[in-house]
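> Going down the list, the sequences are from chains A and B.
Using UniProt numbering, you'd call the opening residue of the first sequence number 1 and step up by one each time.
Using UniProt numbering, you'd call the opening residue of the second sequence number 1 and step up by one each time.
None of these hints come from the bench; they were simulated from the model.
This one's a predicted model, so the numbers in the text were calculated from it and none came from an experiment.
One-sided and incomplete, this derived list gives chain A residues near chain B with beta-carbon spacing under 8 Å:
{"id": "1", "residue": "Phe10"}
{"id": "2", "residue": "Ala14"}
{"id": "3", "residue": "Gly17"}
{"id": "4", "residue": "Leu20"}
{"id": "5", "residue": "Phe21"}
{"id": "6", "residue": "Ile39"}
Chain A is nowhere near these chain B residues, computed Cβ spacing over 10 Å in every case:
{"id": "7", "residue": "Ala110"}
{"id": "8", "residue": "Gln228"}
{"id": "9", "residue": "His232"}
{"id": "10", "residue": "Phe315"}
{"id": "11", "residue": "Val328"}
{"id": "12", "residue": "Ile358"}
{"id": "13", "residue": "Phe400"}
Yeah, the Cβ is synthetic: ideal placement off N, Cα and C, and Gly gets one too.
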Amino acid sequence: MDIGALVHAFFDNAGPGSVLFILIVGGACIFYYFLTRWIVATEKRDEPTTPEEQPESMDA
Amino acid sequence: MEPKNQHTQTILAPIRKVSKGDYLLWGALTALLLSGLVAWIWQYIEGLGITGMNRPVYWGVYITNFVFFIGLAHSGTFISAILRIAGQSWRAPLTRAAEAITLFSLPFGAGSIIIDMGRPERLLNLVFYGRYQSPILWDVTAVSLYLLSSVVFFYLSLLPDIAMCRDRLTNVPHWQHRMYEILALGWNHDSEQYHRLEKVLDGMAVFMTMLVVTVHTVVSWLFGMTVQPGWHTALIGPFFLLGAILSGTAAVVIVLALLRKAYRLEKVLHNGLFNSLRKLLITFVLGWLYMMIAEYLTIGYSNMTEEMVVLTDKFSGTYATMFWSMTVFVFVIPLLIFIFKGKNSVGWMVFASVLINIGMWMERYIVIIPTEISPRMLHVMGQGSYLPALPEILITIACFAGLILLYAVFTRFFPIIPIWETAEELPGHAHSTKTSPAPSSASSD
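Bound conformation, chain A alone:
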């Protein structure tokens, strides 16, 4: 396989460049989405369980 020709084709042809752009930005979007989910996803130990324990702010 001619790696040099492949690299050359990547830079010289319209299309592959934008695919890489979409992969980079799209990949980052997906990565950040799961990262955010991982940060906030913990057991909600401190959350009140009964209606009486709801914080005052919820009524605002």
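Could you slot chain B onto chain A? The hints should help.
Here is chain B on its own, set in the frame of chain A:
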């Protein structure tokens, strides 16, 4: 359990009520923004012929704004990411104010490119036919990734404070409270959440630092990869980068001083912070002076014909007034102020920082226009000329108004000082190592 911060009430105070003054300010800024929008529509209908741009001056004030706003955007990442990695805990109260500059100036930087295009819909051609030979595609990739990462970095560090707004601000309008509920993503101040958040922010700080370097270097390569006089130099990357960090840090000083005054945050944004920024600014001003001397001495000594046309234009020709004004604004006056006056005076610091930013905008202008007027091959003919026209002036004013508007609105709905990052104690932490409380002399100017 919420983080314990003695300044929580002070920091949340600006969020409780939107004053008439705020509405007036927002209204005035919106009017300016709309005038820019009208000018852009006018330009879209009539074409770029109504601007001051012509052959061979294809880039004018719009690209100046692009470089300037992207430069401003480096403030947040510098303060939040680079100083975070360096373990500079004093930066904690400044982080959000600086990151907000990044977040709100990037759209206007990136948007300036679209405004500069007579046919903005052709931006889609980058997606359909983009090729990696072109620095434009490098630039779009880098700026898009930077914008996305900045939003995430900003939002993640805001999460605990949004949750605090949700829990504490009980008398705000229902829609505002609902907004906090949605944006808080169910954050419940769990110690594990804080551990994960800090771990992610530390990791992202490294990545953001690399992005900062990449983005402004790639922006500079839009110029450097051409063979035009004044641009085609290997130094242009670090030259642009350091200039961006300089103007960004100066912008942080201005914003902090305004916030401190408007929202009475003297106890949180104490004089010590301004003094730390002063030292950084001295370093950046001197670093940038070194870059300029290295650049212009190398060009001048070579005495190459095309290069000398542009250089002479800057030193003693059409752009000499602007060039030497820029030198005085960026180097001479700020250095004198920082060394002799700025140590205990926020007012002088702000004055110097405003001068730096005016000077940096002028610098971006004279990097672009003289080369465009005398490009390689056409320098002998000396045909080029450029003066910004009305649409360009209106759109430029609108960009600055839009940045201020976004910032002003944001500070009325979200805490501009990070409560959890400046807390004395975090859930699951015996004692926070984040930051030191304000010194006793904090409130004095």
